[in-house]
Structures are given as structure tokens and as C-alpha cells.
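**Student:** Listed here are the chains, written in short residue letters.
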Amino acid sequence: MVFAIVTTLALATLLALRATYWATPRDDDSIPPIPQPIDPIELAYLRRGPGDAVRVAAVALAERGIIRIADDVLSTTGEPLGSRDDAFANAIYDGLRVARTFPELVKIIELPFRAALEPLDRRLREEGLLRRSIPAGMQAIGTLGLVLVGIIAAVASRPIGARDGFFAVALLLTSLTAFEIVAFGTLMRPRLTRRGKRYLAQFQTGFPSDTLRASMRHERASALFAAPLLVGLYGISALAATPLSAAALAMRRPRRSTGSGGGCGGCGTGWSGGCGCCSGSSGSSCGSGCSSGCGGGCGGGCGG
Amino acid sequence: MSAGSPVGMLFRKRYLADHLRDREGVDFLELCTDHYLDNTPSVADELGLLVKHFTCVPHGIDLSLGSRDGIVESYLDDVLRVVEQIRPPWFSDHLAFTRAGGYEIGHLAPIPLTRDALDTLARNVARVTARTRVPFALENVAATFAFPHAEMSPGAFVRELVARTGCGLVIDVANLACDEINLGHAPEAFIDAVPPEAIVQVHLAGAHDDGGIAVDSHSSPVPPRVWQLLERVVDVAPHAWLTLEREEALPPYHEIARELDAARALAARVRNGRVPA
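So the protein lines, in turn, are chains Y and X.
Okay, so the first sequence: first residue is 1 according to this note's numbering, each after it adds one.
Okay, so the second sequence: first residue is 1 according to this note's numbering, each after it adds one.
Same shape as in the complex, but just chain Y:
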């Protein structure tokens, strides 16, 4: 009985938490229009997190001939940055004084990049496009706790059944199952809100990947930001079979996430790539979002 009460209370707390802390505007709220100018870094960050934002910034520099990418090695070409280049471009340019590969670059530029992304992150959350993410440590502890609760309940069900009968065990398992579903659902909620998905979907309708790939063959491609937009909307692997296919290889997403600083870092906060959440909308090859959990299966499949 005590267990059922505690579980019900925990369930209620979780539901309240979801309703308040992770509350986002309803689906029918008007989504922001496509801005002018379009910021591919914003799109990459929204769709996958900081790792893809770095990829987009690097691809933009490669498209302009400021950095060279060949055989998994990134280097500057000697072309200087322009005075109007932003903090992202500067961070990459400076990072390449030391780093040679994409994972090395990511480690070096994480701090300045994170600082540069903060205002963007804040704005996207204020606009209801992103949810507040649960810190990685909290997520890991929560997951472990839920697994332990499940194991304890399974072990405890036998003596409870012997003492209090079948109904007590049924009640215990039913309430526990409900609790675990809601708790896992809360822990693993994708960072992108439904509003965010719809915001991204309008870009994917307006900028189909084949159109962007075709634009890359034109001499005015860099003026049109075709390659950064392609990566921002469809992931780095979309650059395969384009003039920047070397970038797709050098900055490919790892098969299993390593995440900077150990562990995955939660959906969308992974830097080297594995754990972002796909938009789940058309044009993305990964429809599962983060429902499978970042610790396990999200690393390899997204990116199309």
C-alpha cells in the first residue's frame, strides 16, 4: 500500500514537472517564418545541437576556400577571415592552428563555441523551439535510479505476493510500470519541441536537399550558403557526392557517441556528434528522434 502511494505521488510529481518545467507552446501556435538572412548554424544547432553547429561553421569556411579538408585532415589555406566573420568562424580558424582532425578541433573550440551558442540557445528556448535539456549527470542518475527501482520491485514482488496476495502484486506492477513509462519519457524527451519540428520542417520543404546539392554545382554556391544550409538541415552526410564530400568523411558522425567529457551529454548536447535529436520530419533519415536514448542507439543512424 505504501509503495502504491509513493509511486502515485512520484507519478503526480513527474506529470506536474512535465506540465510546467517542460511546457512548450501548443502545436497550433504560429511558428516563426523563415528569417532573412537564414542562419545555417541556427538550424544545425536546433536540429542536432552544438556538434552540427561546428560542422556547419567549418563547412561554410571550406566552401569559401578559407579551410581545406582532405583525408580527414582540416587545415587553413592561408586565406584570411573577413572582418565580418562571426565568433564561430573565428573559433574554428583559431582552433585549426592546433587541431588537425575534427574531433581534435571540437575539443579545442568547445568553450568559445559554447559561449557563442548561448544567446542562440536562449532565443530558441524563448521561442518555444527547444526544450530545456536535462543535465547529462542528472539524466544518467535518473536512468540508473529507474532501473534500480524496477529491479527492487521485481525482487520485492515475490514476498509481497506471498504476504498480501495477487492484487497487491498487480497494483504494485501496474503503478510501477506507469511510473517508469512517464519517468523514462520525461528523461528522454527530445530537445526539439513540436513547434521546433514544424519550424524545421518548413525549411526542409523550402530547401529540399537535391535543390541545395544542385546549387552547390553553381559558381555562386558560396554566396547562397548552399553547403552550410545542406548540412544544417540534413546533416553532414548529405555532403556525400558533392564537391565537399571530403568534409562529409572528415566530420562524419561517430558510430558510437563519445561526447566530450565522457558520456553522451544528453540529447543534443553532444559535441562530437552522436546524440543530437533528429527533427523527425521529412528529409531526415532518422525518424526515431531520441526515444531510444542517447546512451545507446542514436549515434550511427541519423545524419541523412
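These are calculated hints, taken from the structure and not from any lab test.
These figures come from a predicted structure and were not determined experimentally.
Positions of the beta carbon are idealized from the N, C-alpha and C atoms, including for glycine.
The reader is advised that the hints may include incorrect statements.
Claimed, not checked - Some but not every residue of chain X turned toward chain Y, in silico, with C-beta under 8 angstroms: (1) L16; (2) A17; (3) L20; (4) R23; (5) D45; (6) P252.
For this one, chain Y is given, so just place chain X on it according to the hints.
**Tutor:** Using the frame of chain Y, we list chain X on its own:
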């Protein structure tokens, strides 16, 4: 939107990304109504995206306003559903028939210039305008033949149609240029005959020559003669919306942008050259 004639183009999906990247490049987009009649998710998404980011004007092809059989109500329902979604300043179709005796012709056939045909046309236009409060306009088509026993000139026919129905006009100056070659009609006479206040939109496009016959194919840059006729229309209807149509042999967007700029410049030149009333 610019103070003078707004300048836009017939929407082609090929240029969607360019339009979204450079929204200032067009003041409006003309949408082929028929493309949006099937309300599939991808079509609905595209229409939603366009309507959200641009002023859109629907332009249909299959109302068959010249048909004695009358309007196909289910088709009109679908057209009006699209019009309702777009909420345009007006919508349009053609001065033509595409159905006759129960057969689909598959082509915009010209209407005989007779009183009888005018009655039919006026009746069908009234049927459309009775169903919506959004203004309705009609476009002159290019013809490779003319029906015999014409009772009036093309200009007089259209003038009377406007007087009887209150419809607007979309003057396709490229079609007038084709008619000049194919039928010997004088475009200037047509432009001078129609009521200028009814002209809401102008189409300009390039044609191609098929063994001496000018085919309204929208497949090439706007030729000098069409620019010349455009100037004349803009002079009499300075607020008409100018629409570039390109449907075949689609060039890179910067070439389209050049023609849009040329139309804008022409309109400004005509406007500045006008003597204030």
C-alpha cells in the same frame, strides 16, 4: 512591396529556395491554382509555406469559361477552396474553353468573337463571381487560329465582357505578340480598346518560333517586342502587377532576377516619364 507596379513571377518549384533566400526579389508569386487542387500533404505544405512568406495570386487554367456546357461545379469548388486558403487580392483564369461537348480538349482554345459566345462567357463568369467575394480576372490567350464570322474585334469583345461582368483583366503581352504574328492582330489596338482600370495584372514571357508560328511556350527570355508592349500597358495601367512567366528551359535564378529587375526598371521609367494629371 514597391510603390509602383509590383513585380513577381509565376512560381516554379525550381526557384523555391531562391525565393525564400531572397524574399525581396519578388513582390508576389503567381501560383498555378490547378497544382494545388489535390490536397496531399506535400502540396499543402508547399502552399502553406508560400502563403506564409509571399503575397500569392492564384491563376487557373481549367474553368473553361467559354464552354456552353457551363462551369464544372466540383472543379470550381476546388478552385475556391484554394483561393480561400491563399486569400489573394484576386484570382484568375483564361478567356478560353478547355471542354466542349463533354470532351476535354487539353488546350486553352480561343473563344469565337461573337455575341453568342460573349453571352456564354458572361454567364459563366457570373457563375464564378457569384460564389466568391474575391475579385476574378481573365487573361487573353494566344491563338494559332481564329474562328470565322467574328462579330467584333478582340479588344471590343473584352471591353464588353468587362462592362457586363465587372471582371478584371490579366493582359498577357506575350500572347498579344503571338497573335500579332499568327493572326495579324494589332496588340496596340487591343491594349487601347480594353478599359485600363480593369487591368490588374500583366503577363510577360518569351515564345518560340515553330515554322513561322509563334508558340506561347514561356521557354525563352522576354523578347524586345514584348517589352515594348509591356511599356504600353504600364503606361495605361501603372498599378498593374507585372508577372514574369517562365515554364520551360528554366535558367539559373540570377537570369530570372535580371528580367524581374528589367521589368521593375521599365515600370519606374514609364511612371517617371508620365506627365502628372
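**Student:** It remains to establish, for every hint, whether it holds in the given structure.
**Tutor:** Now for the hints, and whether the structure bears them out:
no., hint, result
1, L16, "holds (6 angstroms)"
2, A17, "holds (5 angstroms)"
3, L20, "holds (5 angstroms)"
4, R23, "holds (6 angstroms)"
5, D45, "holds (5 angstroms)"
6, P252, "holds (6 angstroms)"
Checked against the numbered hints above, the structure violates none of them.
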